[in-house]
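> Make the full structure from the sequences, and use the hints.
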Amino acid sequence: MVRTRFAPSPTGEPHIGNIRTTIFEYLFARHENGKFILRIEDTDKSREVPGSKEKIIEGLKWLGLEWDEGPGVGGPFGPYIQSERLELYQKMAVKLVELGKAYYCFCSPKRLEEVRKAQAEKGEAPRYDQHCRDLSPEECQARLSKKEMAVIRLKVPEKGETSFDDIVRGKVTFQNSEIDDQVLLKSDGYPTYHLAVVVDDHAMEVNYVIRGEEWLSSTPKHILIYQAMGWKTPYYAHAPLILGSDRSKLSKRHGATSLTEYRDKGYLPEALINFLALLGWSPKENRDLFTKEELIKEFSLERIQKNPAIFDMDKLNWFNGQYIRKLDPEELSKRLQPFIPSDYDSELVKKVIPLVQDRMVTLKDFIPLTDFFFKYEIDYDKKLLLQKDRKGGETREALERVLEVIKKSAWKHEDLEKACRGLAEELKWKPGELFMTIRVALTGRTATPPLFETMLVLGKEMTVERLEEALVKLS
RNA sequence: GGCCCCGUCGUCUAGUGGCCUAGGAUAUCUGGUUCUCAUCCAGAAGAUCAGGGGUUCGAAUCCCCUCGGGGCUACCA
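Here the first sequence stands for residues 1 to 475, where the numbers follow this note's numbering.
Source of the hints: derived by calculation from the structure; they are not laboratory data. One or more of the hints may lead you astray.
[Stated by the list, open to error] As a list, the in silico EDC-like pairs of lysine to aspartate or glutamate whose alpha-carbon atoms are at most 20 Å apart:
| id | residue 1 | residue 2 |
| --- | --- | --- |
| 1 | K55 | E261 |
| 2 | K232 | D188 |
| 3 | K408 | E347 |
| 4 | K186 | E48 |
| 5 | K53 | E331 |
| 6 | K430 | D415 |
| 7 | K110 | E84 |
| 8 | K418 | E404 |
| 9 | K460 | E331 |
| 10 | K155 | D181 |
| 11 | K186 | E261 |
| 12 | K383 | E468 |
| 13 | K95 | D188 |
| 14 | K315 | E400 |
| 15 | K186 | D44 |
| 16 | K375 | E347 |
| 17 | K418 | E377 |
| 18 | K122 | D180 |
| 19 | K55 | E13 |
| 20 | K326 | E270 |
| 21 | K351 | D371 |
| 22 | K61 | E331 |
| 23 | K351 | E331 |
| 24 | K110 | E148 |
| 25 | K364 | E426 |
| 26 | K45 | D264 |
| 27 | K265 | E58 |
| 28 | K53 | E400 |
| 29 | K460 | E400 |
[Unchecked claim] Taking CB as the label site, the calculated pair distances span:
| id | residue 1 | residue 2 | range |
| --- | --- | --- | --- |
| 30 | T260 | R421 | 45 to 55 Å |
| 31 | A203 | R47 | 55 to 65 Å |
| 32 | S187 | Y226 | 22 to 32 Å |
| 33 | N176 | G34 | 30 to 40 Å |
Glycine included, every Cβ here is placed at the ideal spot set by N, Cα and C.
In structure tokens:
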């Protein structure tokens, strides 16, 4: 059975690039009727950010990427939080030492620093000089019992090569001589990522490791650990990175990088999933709009792209607009709730929605598009009432006639429009001209939903009031 | 610097030796619909397939070199 996992480290906001890869992990697991696991990799105490674990969980829930095992839902291989599994890693690290595949290292950070500096000066690659690699077991025991600080390092073979068959990249080979003797267990008793990820993926029976390309060059270290332990290696699929507009790794300065930010900016989870799934992966079918279910049906690892993709906000906006338009108005009003003040009249909101559904790109657009429906006073420059070459006098006169005609008209779209068009003809105004003046009087702006729909939602009383207000402005 | 990965319209991509004088989407522009703004519809422009060599009757597709971009190079993930 296929088992994939998302293994975030709680060091900040859920990054949109990781989330894209997570979507791949999720879609693949679902496509294969496998399991999707969430595991928190909190092995670096110093970088941990309080609350970020909760944010990650909240973000996944919001996106609808439900996990089968992990925090909150449990599972047969728990706990799913690495800081609660320390003993396991320690045991495994010691076992590697006993197997002769790893060794204790007593070098101080200061010495390591000096070694690296010297290497840099000589133009050599910075790496551990294997100073402690051949310490005798007796000496190690002696120093350990004196409570000397130590780490456990991987004893990388000096010769040979390590290669693997990456599902998206094909065969990738590294010379063992190029691989550093990686620290596996830190002096504080915590594992490094490299140890923890292998131990847990094995323990949790994860057989498909799908992750970002930044991990490609550490994969041989992981394979070496699997081999040292005599464990079966998983299948690897390294997905391309997501880049910013300048082609460097997507970061803060390119705009929003956090999942929660997109939620707060009014993006729909279904739009985000659709958009992100198509960054670095493409379906066989030549179309863009896919529901989560359709993505699950279509997804395959083989169609993951090799080259990195640039995050294009314009296209996300297009997707979001598409999904907003598809929403049932009732549903849209639900989604809008976090974006409108709680004292807004919900009945009025429902009446306004159909007028702006085609005009919204994000949920956040609702307020700026419609605020004039919800307040009594509107503020605008009276010049907007004056159409090209029209004087104040004739405009006032026109508005007076509009008032008159509207008051007499039945409060129906058809009748209102007929009355106003008739009036325009009588006044020898182009309908558009007259409509624009009315529009400004009613809304304070020049771009709005269609005029008569707007009137109907505004109501007769408010319509009349605002027209009178405009007359005052013009006097 | 070293190692590894990558290179098709601005962007996301289709393409796995002939269907490619390279298709779709988005963005841009133009036109239509229209009371404005959008939506919607139609159309245009936009890629000498990074460049150069091969292989082949034939290459975006296979090989080599060059160039360019990216990732990694921590007791971070």
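> Could you check the structure against the hints above and give me the numbers of any it violates, in ascending order?
Numbers 2, 3, 5, 7, 9, 11, 14, 17, 25, 26, 28 and 31 - these are the hints that the structure violates, sorted from lowest upward.
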